[in-house]
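Asker: Chains as they are written, first to last, in numbering that gives the first Met the number 0: chain E, 0 to 219; chain P, 0 to 219.
Among the clues, some could well be false.
[To be verified] For lysine-lysine, the following DSBU-like pairs were computed, each having C-alpha atoms within a straight-line distance of at most 30 angstroms:
1. K185/P with K39/E
2. K24/E with K218/P
3. K24/P with K24/E
4. K24/P with K56/E
5. K56/E with K80/P
These aren't lab readings, by the way, just hints derived from the structure by calculation.
There are 2 protein chains.
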Amino acid sequence: MNTYPSILLSDAVDQFASLPGVGRKTALRLVLHLLRQPDKDVEAFAGALTRLKQEVKYCRVCHTISDQEVCPICQSHSRDKHTICVVENVQDVMSIENTGQYNGLYHVLGGIISPMDGVGPSDIEIDSLVNRIEKDDIREVILALPTTMEGDTTNFYIYRRLQNLTKDDIASSPDRLIASLPHPLKISQIARGVAIGNELEYTDEITLGRSIVNRIEFKL
Amino acid sequence: MNTYPSILLSDAVDQFASLPGVGRKTALRLVLHLLRQPDKDVEAFAGALTRLKQEVKYCRVCHTISDQEVCPICQSHSRDKHTICVVENVQDVMSIENTGQYNGLYHVLGGIISPMDGVGPSDIEIDSLVNRIEKDDIREVILALPTTMEGDTTNFYIYRRLQNLTKDDIASSPDRLIASLPHPLKISQIARGVAIGNELEYTDEITLGRSIVNRIEFKL
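Chain E with its partners taken away, still in its complex shape (with noise of 0.2 angstroms):
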């Protein structure tokens, strides 16, 4: 698939084709509807892209993305404002407000620390979380990161950096809070185990093995 018969054309499959996922065969298969779309409707395309880019907000409370300076959860007064979920990125923020089970706030990290890409904890939105626990009546932060080698290491240094909060003797911190809270703080990270629906002989070693090993007691 090299040889376009238009330059137009050849362009616009670039750039869906510079999406990630999306290869040039599907590039042009997506290109060659729209063209086949009324004019109105592709400028309607091009238009929401052109507008999502130069007006969307990010919440300065939480950082998930939002059309207001603060977003409807930062700002609703049925949520409980002691709890704060901690997650990667907004898909997280939107994927636990489905499940229904969560009434608290949340702060999006807009990424999680992985030495390999080059990420450290202050690409991220570490100090606005530390932030937002000293200042506001938070009584416990929710990790919810990816169960992966980087997740993990995030939910280890945020941990490190909210226990030195909890701390008077600072000594031993490698970071320079001084702070201390006025009430205990918990920090929990979700539960990890075998997924509702799987069987046991289909899950990997290490989900299944961790899964015996915080095991919960069965009640009734």
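Chain E is already provided as a structure; the job is to place chain P on it using the hints.
Answerer: Just chain P now, kept in the frame of chain E:
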């Protein structure tokens, strides 16, 4: 995935999700990818689409997508001007070009006859095909349409129209074509059979059955 934190985001996701084969989860992933790109890249993306839709031309001879009034293939002096390969769409032109096995001209129908979808012979470029064959010195028409019922219907319809061109007796003709060609016109269709590299075991019965009926003589 129904609670988007931003209307701008949800609009952009709607646009991507309107593309064939793109679900809402994929659409969100693509939109968030674009959101992480520099402004100018997103502008280039939107611009390429708008420009394509506004400026693209269709070759007035073969109806393929082109930047010019007449496409490079139709203009080329090194191509066989006596052969036309009839295809459904521009992807097919590109696919056949990529084989490097064909050096004739094309004719893009822009669809195939499909009564179920309300597409009749007059909705696609069949009249212009007949005109080209009458007007230009065409010796062979290769039908390279999909091997589906709609493709077969279109093949049959074109075959009947072209057959009438070569006959003096048009009493029985459903078409009002009077011209008769000064030379014989060969009408062929692409070979159908077991794809190269495929095991017979995994070939569907219709294809395998046809490939036996339409067997060709083994030559050394």
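Asker: Next step is simple, just say for each hint if it's right about the structure.
Answerer: Hints, verified against the model:
1. K185/P with K39/E: Distance ~44 angstroms between K185/P and K39/E Cα, so the pair is violated.
2. K24/E with K218/P: violated (36 angstroms)
3. K24/P with K24/E: holds (20 angstroms)
4. K24/P with K56/E: Judged against 30 angstroms, a Cα distance of about 21 angstroms means the pair holds.
5. K56/E with K80/P: Roughly 58 angstroms between the alpha carbons, so the hint for K56/E and K80/P is violated.
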